Amino acid sequence: DMVIMQDELASRANLRTGAELVNVDIQNNAGAAHSGYPIQAGDADWGNLADLDRLKTTGSWGDYHEVGHNHQRRWWTFEGHEEVTVNIFAAYCLRNLVDNSPDGWSWSTDKLTTMDKSVSVTSESSYHSYWLTFWMNQAYWFGFDQLRDTFGTYEDDNDNDPGVLPTTIQEQRDQWIVRFSTQVGHDITGYARDTY
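In terms of the numbering used here, the sequence shown opens at residue 3 and continues consecutively.
Simulated from the structure, these hints should not be mistaken for laboratory data. For clarity, every value in this text was computed on a predicted model and none was experimentally measured.
Below, a list of computed lysine to aspartate or glutamate pairs in the EDC-like style, where the Cα atoms sit at most 20 Å apart: (1) Lys-58 x Glu-10; (2) Lys-58 x Asp-3; (3) Lys-58 x Asp-9.
Use the sequences and the hints to build the structure in full.
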């Protein structure tokens with residue numbers, strides 16, 4: 003369910019050709035876990051990685067997060083947001099697959115709590131929670147389906163006209179604002195510029 007849900011949110015449901023693979027190892031070379039094919043995880047930190055019962059009852063931000071990395075695209079992942087846009091997928095899974103998760107990131111599953119969090123962390127511009135609120139507020143104000151459909155515009159261009167995809171940091175930001183604003187029928191320029 004988690005992988006299918008993330009494929010759909012990324013507008014890439016029709017592209018899956020195989021399962022997500024996980025390799026738990028004694029000596030992992032990059033933190034507790036890192037994404038890729040396969041996802042790598044250290045046994046000391048993730049000895050119970052992808053435990054189906056746990057995923058269904060309490061969720062697992064770490065599992066959702068690492069699979070989410072495999073759904074990111076450079077076109078809409080701004081510089082410095084590599085550990086941020088991934089959490090759109092983690093929050094989406096936590097919100098839709100688990101009731102009342104005890105996870106420390108559970109604030110991201112509720113519209114009002116996310117808004118409160120964005121107010122409380124506004125001065126912490128380097129903090130991932132601050133940047134995640136930029137994305138989660140868009141998801142809650144307009145719907146995750148609007149994020150999905152905006153991601154889909156990039157996938158369509160990648161298939162049909164890749165020359166229009168952003169290649170610079172400024173183009174990434176500008177195209178996100180234009181594409182998302184067009185998708186939702188509301189100009190988010192002021193929100194993006196003045197708040198974030």
